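Chains A and B are the protein sequences, given in the same order.
Mapped onto the working numbering, the consecutive letters of the first sequence carry residue numbers 178 to 347.
Mapped onto the working numbering, the consecutive letters of the second sequence carry residue numbers 2 to 430.
In case anyone wonders, no lab produced these hints; they're calculated from the structure.
Any given hint might turn out to be false.
DEER-style ranges, computed between Cβ atoms [said to hold, decoys possible]:
| hint | chain 1 | residue 1 | chain 2 | residue 2 | range |
| --- | --- | --- | --- | --- | --- |
| 1 | B | 238 | A | 323 | 43 to 53 Å |
| 2 | A | 307 | B | 16 | 30 to 40 Å |
| 3 | B | 183 | A | 214 | 33 to 43 Å |
No experiment lies behind these values; they were computed from the predicted model shown.
Ideal placement from N, C-alpha and C gives every residue a C-beta, glycine not left out.
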Amino acid sequence: MPDGSLKLRGRVRAVLGDNIDTDMIYPGRYLNITDREKTAEHLFELAYPELRANLEAGDIIVAGRNFGCGSSREQAAAALKFAGVGAVIAGSFARIFFRNAINLGLPAVVAPQASLACAAGDELEIDLVAGEIRNLSGNRVVEAAALDPRAVELIAAGGLIPYLKRKYAA
Amino acid sequence: MTLAEKILARASGRERVSPDQIVVARVDLAMSHENADLVRKSFLEIGLARVWDPSKIVIVFDHRIPAESEKTATTHKAVREFVAAQGIEHFYDVGRGGICHQVLPENGHVWPGMVLVGTDSHTTTHGAFGAFATGIGATEMAGVWAEGALWFKVPPTLRIEVEGEFRPWVSAKDLILYIIGKLGADGADYRAVEFDGPAIRRMTVASRMVLANLAMEMGAKVAFTPVDEILLDYLRPRVPEKLEMIAADADACYERVIRVDAGEDILEPQIACPHAVDHVQPLSGLGEVPVEQAVLGSCTNGRLEDLEVAAHIVAGRAVHPRTRLVVIPASQQIYREAMRLGYLETLVAAGAIIDPPGCGPCVGVHQGILAAGETCVSSTNRNFLGRMGSKDSRVYLASPAVVAASAIAGKLAHPESIVKEGFPCLMEV
Numbered sequence: 178m179p180d181g182s183l184k185l186r187g188r189v190r191a192v193l194g195d196n197i198d199t200d201m202i203y204p205g206r207y208l209n210i211t212d213r214e215k216t217a218e219h220l221f222e223l224a225y226p227e228l229r230a231n232l233e234a235g236d237i238i239v240a241g242r243n244f245g246c247g248s249s250r251e252q253a254a255a256a257l258k259f260a261g262v263g264a265v266i267a268g269s270f271a272r273i274f275f276r277n278a279i280n281l282g283l284p285a286v287v288a289p290q291a292s293l294a295c296a297a298g299d300e301l302e303i304d305l306v307a308g309e310i311r312n313l314s315g316n317r318v319v320e321a322a323a324l325d326p327r328a329v330e331l332i333a334a335g336g337l338i339p340y341l342k343r344k345y346a347a
Numbered sequence: 002m003t004l005a006e007k008i009l010a011r012a013s014g015r016e017r018v019s020p021d022q023i024v025v026a027r028v029d030l031a032m033s034h035e036n037a038d039l040v041r042k043s044f045l046e047i048g049l050a051r052v053w054d055p056s057k058i059v060i061v062f063d064h065r066i067p068a069e070s071e072k073t074a075t076t077h078k079a080v081r082e083f084v085a086a087q088g089i090e091h092f093y094d095v096g097r098g099g100i101c102h103q104v105l106p107e108n109g110h111v112w113p114g115m116v117l118v119g120t121d122s123h124t125t126t127h128g129a130f131g132a133f134a135t136g137i138g139a140t141e142m143a144g145v146w147a148e149g150a151l152w153f154k155v156p157p158t159l160r161i162e163v164e165g166e167f168r169p170w171v172s173a174k175d176l177i178l179y180i181i182g183k184l185g186a187d188g189a190d191y192r193a194v195e196f197d198g199p200a201i202r203r204m205t206v207a208s209r210m211v212l213a214n215l216a217m218e219m220g221a222k223v224a225f226t227p228v229d230e231i232l233l234d235y236l237r238p239r240v241p242e243k244l245e246m247i248a249a250d251a252d253a254c255y256e257r258v259i260r261v262d263a264g265e266d267i268l269e270p271q272i273a274c275p276h277a278v279d280h281v282q283p284l285s286g287l288g289e290v291p292v293e294q295a296v297l298g299s300c301t302n303g304r305l306e307d308l309e310v311a312a313h314i315v316a317g318r319a320v321h322p323r324t325r326l327v328v329i330p331a332s333q334q335i336y337r338e339a340m341r342l343g344y345l346e347t348l349v350a351a352g353a354i355i356d357p358p359g360c361g362p363c364v365g366v367h368q369g370i371l372a373a374g375e376t377c378v379s380s381t382n383r384n385f386l387g388r389m390g391s392k393d394s395r396v397y398l399a400s401p402a403v404v405a406a407s408a409i410a411g412k413l414a415h416p417e418s419i420v421k422e423g424f425p426c427l428m429e430v
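Model the full structure from these sequences, guided by the hints.
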């Protein structure tokens, strides 16, 4: 991001409701999987198996309020990221999930109107720094919260671990 | 300042802080359970040789004990090797501890005014000891292991004042389910919660832990109950050198103050219905709900007073033929005490099975998984879709007394339908 911007583009794969909890995103029975890449195999396994089957790289998940509520399990954010999800946009996020997503380099964008203003199949462009979502299919702008500069820095670095790795290697 | 503000100000070396400010706070204790394996991997990726301070890391195995699969056994082994290599002395292996949120206070790892982070969402439990205690993810914990500090956004505080006398068979669990039902699953999202008032100040430490624990289910970042003489009595033999009376300032600024009259507002046991913790109903509104399993345990309600009330209810009776009663003492210490006091004898005589101290079936891994079509009443903290097994099973969250009564009745039941005389010491000191 040479100009300080951080934009991404993708297609809305699904628009989900409120309170999508971490057990729906990633069932507890698979918590002993500690290879992050392998967590993707169990994304939405009980709640939305068809969604997982149809995901394509860069897809965007849109949801209502309190996305990721429940457990602190980082596998919920990891499974989304390694299944290829490019960003999650939600009305609000449960705090641990939000931090997990950013720490893993998965953009999590707060946009209260997103689940009303986006439909499955819409093509979106997200400006993480400006806090703006362009729905290219509906040709409209959806207001979003700008990511905290600290979060932008982590996303740009690819997550907290690459960020710290660089810090301590220097 | 509120309690959360005071602790964060001190931990970040500032005179004062206010909501939404971002501060970097030193961490006094970093707790992990089996997910220490994830933390370990991330930590090694950073490329550092040693953790910041091995004496400030506590690891407790509780989610899968004893190992239920070769895969888990392998991760347990990897963590043991890391613990030995790093010189982490506070490690509670299988048979030595129990559930992390019980093991920490029991063994003097928690005190008022500290900053405690844990790779478990129910780390909020330790707010019952006056700790700023919150859950974080594994990658973030790797950063803490490296640096001993973490950034926090200072949370606004929600104050919940509870007065009045609890009715018979209404417990701390019913109070917090009632509050979650009113405020919703994100009613305290990103907030600190201060529980206070005469009804809270009469509660046992174990019951206060129930409030701080379940505050997580309305999104709380941290949740406190008062630091008072009752708490200090608990802490005195465990952390004699760290006793401190801390409290919010009289002029602290709250985002919102909520008042509850325990006697007027909560008339009977409260139940969280499938599949959300905020789907709360009074027990009498649910009609006939047969249960195939009843679970008594977890970081929410697996303590001595919970086993005591259950033993009182099932004493001399038999668990209903269609129902399985699974009991899980929250720690080895509680297990031994419950044995000594005869509670386990009473429960087993009634037909209960005792799981080893740990998370048991609450995370949906082992020791009491539900089949499709089955219904469970549980003293645990989550009833999400598929939480305890099949996605076609259902979990009702309830107090230990309701769980025990339901096990005997074979359906959701009020304790007074089983035991005619009241039970005087539900949770008050």
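Cross-check of the supplied hints:
{"no.": "1", "hint": "B:238 with A:323: 43 to 53 Å", "in the structure": "holds, 50 Å"}
{"no.": "2", "hint": "A:307 with B:16: 30 to 40 Å", "in the structure": "holds, 35 Å"}
{"no.": "3", "hint": "B:183 with A:214: 33 to 43 Å", "in the structure": "holds, 42 Å"}
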